[in-house]
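Novice: These are the residues of each chain, in order.
Number of protein chains: 2
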Amino acid sequence: MSSVGFEGSNMETQCKSSTKQNLIDAFWSLYEKKDISKITVKEITTMAGYNRSTFYEYYRDVYDLLDQLEETLMESPMSEIENNFEGTGFESKLRIFSELFEKKKKYLSVLLGDNGDPAFHRKLKNKIKPGLKQTLKEEGLKDETIIDVILEYQVSAMLGIMVYMHTSDKKPDLSEVFEITYDLCNYGIKQTVEKLVQEEKNK
Amino acid sequence: MSSVGFEGSNMETQCKSSTKQNLIDAFWSLYEKKDISKITVKEITTMAGYNRSTFYEYYRDVYDLLDQLEETLMESPMSEIENNFEGTGFESKLRIFSELFEKKKKYLSVLLGDNGDPAFHRKLKNKIKPGLKQTLKEEGLKDETIIDVILEYQVSAMLGIMVYMHTSDKKPDLSEVFEITYDLCNYGIKQTVEKLVQEEKNK
DNA sequence: AGATATATTACAACACGTTGTTGGATTTGT
DNA sequence: ACAAATCCAACAACGTGTTGTAATATATCT
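In order, the protein sequence lines correspond to chains A and B. Taking this note's numbering, the leading residue of the first sequence gets 1, the next gets one more, and so forth. Taking this note's numbering, the leading residue of the second sequence gets 1, the next gets one more, and so forth.
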């Protein structure tokens, strides 16, 4: 049922209100299927079994609900990333992130998909970057502008791949995809393509 | 009077109605500033100087207007990409695309940005891919699934970088950014970082 | 040319659905 | 029992999309 759990170090009533979660669940089942702008408060509350006005007890509007959902979604995965620094390289952190993506894919693949929220896309990128930035600095890079360009490049590519994996009808093999992206990241496209062509010949 | 001079030798495109364009312009000036869901037909028509109902003569709703705008935007840039195959490598095509992006950046950086349209993001990717796919096949790659993964990786990274360049407050130097992404694409992150660290030391 | 049809463009008015709020009813914990 | 938490019916304001109509171009005919 609830994978987004609401826990609160935050203000306001964080009572056991299952109503809030019920509304989130109803909203999500709609959001998976259609654009947020076409979702009405009435739809959500009817589906969840409440009166429409009850919605406004908990959320300012539909976008407020989505914001809160995104917020809770953002907390746990990223704190895990931030606390998983044991791996030295860029790649190990990317792997950690891909595992976290896997856990939350139900939500992430929608939020990052065709009817998703572009602002969330950027928020997520900004959460991922600091950890990777650390690694780049340890490699000796100083220029912040350059670092940021590399981060944007890498994070965009990785997010693109992950969304692709979960939305493509081809359903490619996860570990195969990961190996390819790993190679692309480390050796660049030329060497990766050469290697892959070689492998195809050997089959 | 807004009588646009037209004689009989015209294609259907231009002189048809300036109203349509006026509505687009008004819409865009709003869309640059706020989310599409908060834009009302009334706002658009008032700003353009028409009655609200006039809007419905030309568009079904606000999203229809955006769709049509995206459609016309998609035509020219991509046909140029598709007809610019003279460059052999991946990189030259990427450069061509970045130049096209530059021309249309007023629209693209908004559509791909925080209040943009994720569906457009994917539509654009899909327009870019075929040309690059061709190149990969010429290199000897056969497996479609693998090709698609590489394309998604590369296109995601490039689009990410381009949006970043046009929205970052740092306003990084275009040619410098392009060189970095070129290196990342061709040689991978390790070699690129090493090279950059070396350059920083030499300064 | 002049007169009459035809198409296009703009608008005001209408019926309807959604929104967000208010004040009050009902449930729940202690 | 009583106070807080939770839920709901009704209301006014607003946005939507449609319809019928007026004004102004453009085409057609004699």
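Where hints are given, some of them may not hold.
Since the list gives no way to pick out one identical chain from another, each pair is judged satisfied if it fits inside one copy or across any two copies.
Said to hold, decoys possible - No farther apart than 30 Å at their CA atoms in a straight line, the calculated lysine-lysine pairs in the DSSO-like style are these:
| hint | residue 1 | residue 2 |
| --- | --- | --- |
| 1 | Lys201 | Lys142 |
| 2 | Lys129 | Lys142 |
| 3 | Lys171 | Lys42 |
| 4 | Lys103 | Lys125 |
| 5 | Lys195 | Lys104 |
FYI, nobody ran anything at the bench for these hints, they're computed from the structure. Note that the structure is predicted; figures quoted are calculated from it, not measured.
Novice: Given a CA cutoff of 30 Å, do Lys103 and Lys125 count as a within-copy pair, a between-copy pair, both, or neither?
Specialist: Close inside one copy (17 Å) and across copies (26 Å); limit 30 Å.
Novice: Treating 30 Å as the Cα threshold, decide for Lys195 and Lys104: within, between, both or neither.
Specialist: neither (33 Å within a copy, 37 Å between copies)
Novice: At most 30 Å between alpha carbons: which applies to Lys129 and Lys142, within, between, both or neither?
Specialist: within (16 Å within a copy, 34 Å between copies)
Novice: 30 Å Cα cut-off: does Lys171 pair with Lys42 within a copy, between copies, both or neither?
Specialist: Answer is neither; intra-copy 36 Å and inter-copy 45 Å both fail.
Novice: My question is about Lys201 and Lys142: at a cut-off of 30 Å on alpha-carbon distance, are they close within one copy, between copies, both, or neither?
Specialist: between (42 Å within a copy, 10 Å between copies)
When the structure is compared with the earlier hints, violations turn up for hints 3, 5 and for no others.
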